[in-house]
Amino acid sequence: MHSKKRLAVTASTAAALLIGLTGCGGAPDQASDDGIGPITFASGKDLTGAMPQLIDMWNEAHPDQEVTFLELSASPDDQRTSFVQDFQAKSGNYDVIWGDVVWTSEFAAHGWLEELDPEKVASPDILPAAVESAKYDGKIWAAPFMTNAGLLYYRSDLIDAPPTTWEELQAGCEIAAANNMDCYAGQFAQYEGLTVNVAEVINSAGGSFLSEDGKSVTVDSPEAREGLQHLVDMFENGDINASGITYQEQESANAFLDGKVMFLRNWPYVYTAASEEGSAIAGKFGTAVLPGLDGTGISSLGGINLGVSAFSKNKETAKAWVEWMQSEEAQRVLVSVMNQASVRSDLYTDPELVEVSPYLPTLQESLESANPRPRTPNYNAVSLAIQENAYAALQGTASVDEAITQMAADLEQAIQ
Amino acid sequence: MSISPRVLNRRRSRTGTGRAKDGGLAFWLVIPSVAVLTLVIAFPVISSIIRSLFGDGIGEVPFVGLDNYAQALWGYNADDFWASTGVTYLFTAVTIVLETLIGLGMALVANRAFRGRGLIRASVLVPWAVPTAVAAVLWKWAFDPQGIINSLLGTDIIWTGSSVPSMIAIIVADTWKTAPFVALLVLAGLQVIPEEVYEAAKIDGASAWKRFVFITLPLVKPALLVAVLFRMLDALRMYDLPEIMTNGANGTATLSVLVVQSTLSQLKPGYGGALSTLTFLLIFVTAYLFVRLLGVNAVEQAGGRKGKKQ
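Keeping their order, the protein sequence lines are chains A and B. Quick note, our numbering runs 1185 ahead of the 1-based positions in the first sequence. Quick note, our numbering runs 371 ahead of the 1-based positions in the second sequence.
Here chain A stands alone, though its shape is the one from the complex (with noise of 0.2 Å):
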């Protein structure tokens, strides 16, 4: 019995590989010389279901320079494993991937990307901080398609104005108290949602991780520490309740939904979820740019990139799709249909689109000061860093001098 088992298990396990054998072999050699002809899009999960719309607009324009679509998993590491797989081998099976917009340092240093030009993919047209994302070494080396900034929501029917400082923030967490409320909630469990908001304290205070060329560790300042400072205050006073340091993007943004929290640091998309009808808040809540130290502070900046690889057959169609794709037409779409933020600055003031999403003035002057996390080779690395010694701080088991000067000792290590 168990021998015959056992040869039914390595003749599947054979079987398996042979078919995965033929499967690397199989796939048509389409590649021309110029360069023009079908090429594969791979995105990360289309949430949205408006990508297959884009790409029939496209398609449809192009039908010798077909894009077919293939969509990975939903999570961020996935989709990088998927990609650096990909160029690992050398395949060129993905001639367009979309990254997020920390990937791209990565992948131009290894020489994974195409180079792009400047005057094709970022033009005036683009926001500054989306371009500065998709720049290495003072090069282009991704088309930056979908941006994302921070938003301070606020309840509107407690508070007059929102806060454009820590200071005044203060103020608000006593009318928080008062209605029995939580003040402020963000992202601060262990993962990258806490190195963007430990990245917007530390920035928004006029601290650096990383020197502009990202071969120097500059985090061991005044102002560094003057700003995670912030956050420890708020959770050693109680103005981040005690299991904020749970909270992911979803968790924070229930605890504003339900009511419980009077100040709530995310991205746009939970102005939707908090406008929709049987909201406990529809109609009692307002956007604004995240306070700083003195003045409006710094949000990290989010968005995607797409990059063309350097192992790509069809280089010219790949390059051209990318540059449709923050073309008027398709980042309407984009804005309207996906409900994602442009990297095309004359779209927040349409007012057709600013009807549909309200948000988009505020977001447009969140992007306009917007910063771009660490830019290196070692992002992830760097980012385990951050969010280490950050959490220890807020955790309390290291003190604030403490977690910064071991994260300039850490951040050393990690961009070796």
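A few of these clues could be false.
[Unchecked claim] Have a look at the derived ranges for each label pair, beta carbon to beta carbon:
1. Ala464(B) x Gly1391(A): 25 to 33 Å
2. Leu604(B) x Ser1584(A): 39 to 47 Å
3. Asp1241(A) x Ala500(B): 40 to 48 Å
4. Ala579(B) x Ser1258(A): 51 to 59 Å
5. Gln1270(A) x Ala464(B): 31 to 39 Å
6. Ile519(B) x Pro1261(A): 26 to 34 Å
7. Ile519(B) x Ala1356(A): 36 to 44 Å
8. Asp1405(A) x Ile429(B): 21 to 29 Å
9. Leu524(B) x Ser1584(A): 26 to 34 Å
10. Leu604(B) x Glu1256(A): 30 to 38 Å
11. Asn1244(A) x Ile519(B): 45 to 53 Å
12. Glu1256(A) x Gly426(B): 31 to 39 Å
13. Val501(B) x Gly1391(A): 43 to 51 Å
[To be verified] What the simulated footprint calls covered on chain A by chain B, stretch by stretch (three residues with Cβ under 8 Å from a Cβ of chain B suffice, anywhere in the stretch; the number is not a length):
14. 1223-1233
15. 1284-1295
16. 1311-1323
17. 1427-1437
[To be verified] To list a few chain B residues with every Cβ distance to chain A over 10 Å, as calculated:
18. Arg488
19. Glu567
20. Tyr610
Hint data in this document are derived by calculation from the structure and do not stem from the laboratory. Where is the CB? At the ideal position from N, CA and C, for every residue including glycine.
With the hints as your guide, set chain B onto chain A.
Just chain B, lined up with the frame of chain A:
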């Protein structure tokens, strides 16, 4: 592991010519398995060890000898590595004790003849059938500050927000998940204990407790040790639960979490390779010691008994 003694026993009973023929055929039958095993086990292990001798970075990677190992064992990352090793062994020790006790209890209950026994047996297995990642998400919700655990206990503990509560949460989830596995193996062991032995003991006037201690435990010991060995190998490479429930925060980053972080997330296959080789060695040595001290005996006993029955 339980196969070879039986095969040996069967072989012994054959005639000389039969054995030779058997051997020749067996050799050819085994070849595909060996080839596949080499391809899927030996190749990755060896290539990972070779890779661990090279540095990380962009472009051509330099040969660095044992630097990656030094970095993990006493270099810059030593604190992380030893903390992970510590927490991995802590999880292993605590979960094995809990799972063995609970699994044994479940098996004893399931082995009794009573109405609805089939239902109990099936329902005991449900946690084992749930994919670990799904179980991790379920328990993450249960251990939410506003979750069901806090409301049942009437507490306000932020389970996944600090060190000890996080570890408790992970241990509870792991125990829930795999105690049924232990129960299953032990139940199989219980079922081969012949009823006559108990009857004889009863006639001799042995109490229920004595029957358990002097008959059940010694006879189920081989199965129990195999269950513990499997659990140990499994627990030492625990990954899903800490990764999903705490993201490795609060000192719950096990060795496997560390390996994945370095290799995949930070693209340091050299250092990650060194970590996974070290993890492999730790697990190997632990399992070897366990088998040497307790296990060999168990395998022989189990094999011997099965052999007699045939």
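Right, here's what the structure says about each hint:
1. Ala464(B) x Gly1391(A): 25 to 33 Å: Roughly 48 Å apart at Cβ, these two residues miss the hinted range, so it is violated.
2. Leu604(B) x Ser1584(A): 39 to 47 Å: holds (41 Å)
3. Asp1241(A) x Ala500(B): 40 to 48 Å: Because 42 Å falls inside the window, the suggested range holds.
4. Ala579(B) x Ser1258(A): 51 to 59 Å: holds (54 Å)
5. Gln1270(A) x Ala464(B): 31 to 39 Å: About 36 Å separates the Cβ atoms of Gln1270(A) and Ala464(B), which means 31 to 39 Å holds.
6. Ile519(B) x Pro1261(A): 26 to 34 Å: Check passed, 29 Å falls within 26 to 34 Å.
7. Ile519(B) x Ala1356(A): 36 to 44 Å: holds (37 Å)
8. Asp1405(A) x Ile429(B): 21 to 29 Å: holds (26 Å)
9. Leu524(B) x Ser1584(A): 26 to 34 Å: Holds - the Cβ-Cβ distance for Leu524(B) and Ser1584(A), about 32 Å, lies within 26 to 34 Å.
10. Leu604(B) x Glu1256(A): 30 to 38 Å: holds (36 Å)
11. Asn1244(A) x Ile519(B): 45 to 53 Å: holds (49 Å)
12. Glu1256(A) x Gly426(B): 31 to 39 Å: holds (36 Å)
13. Val501(B) x Gly1391(A): 43 to 51 Å: holds (49 Å)
14. 1223-1233: violated (count 0)
15. 1284-1295: It holds: at least three residues are needed, and the region 1284-1295 of chain A offers 3 whose Cβ sits within less than 8 Å of chain B.
16. 1311-1323: This one is violated; 0 residues, fewer than the three required, reach chain B with a Cβ under 8 Å.
17. 1427-1437: Result for this restraint: holds, n = 5.
18. Arg488: holds (25 Å)
19. Glu567: holds (27 Å)
20. Tyr610: Answer for Tyr610(B): holds, closest chain A Cβ roughly 14 Å.
In this structure, the earlier hints numbered 1, 14, 16 are contradicted, and the remaining ones agree with it.
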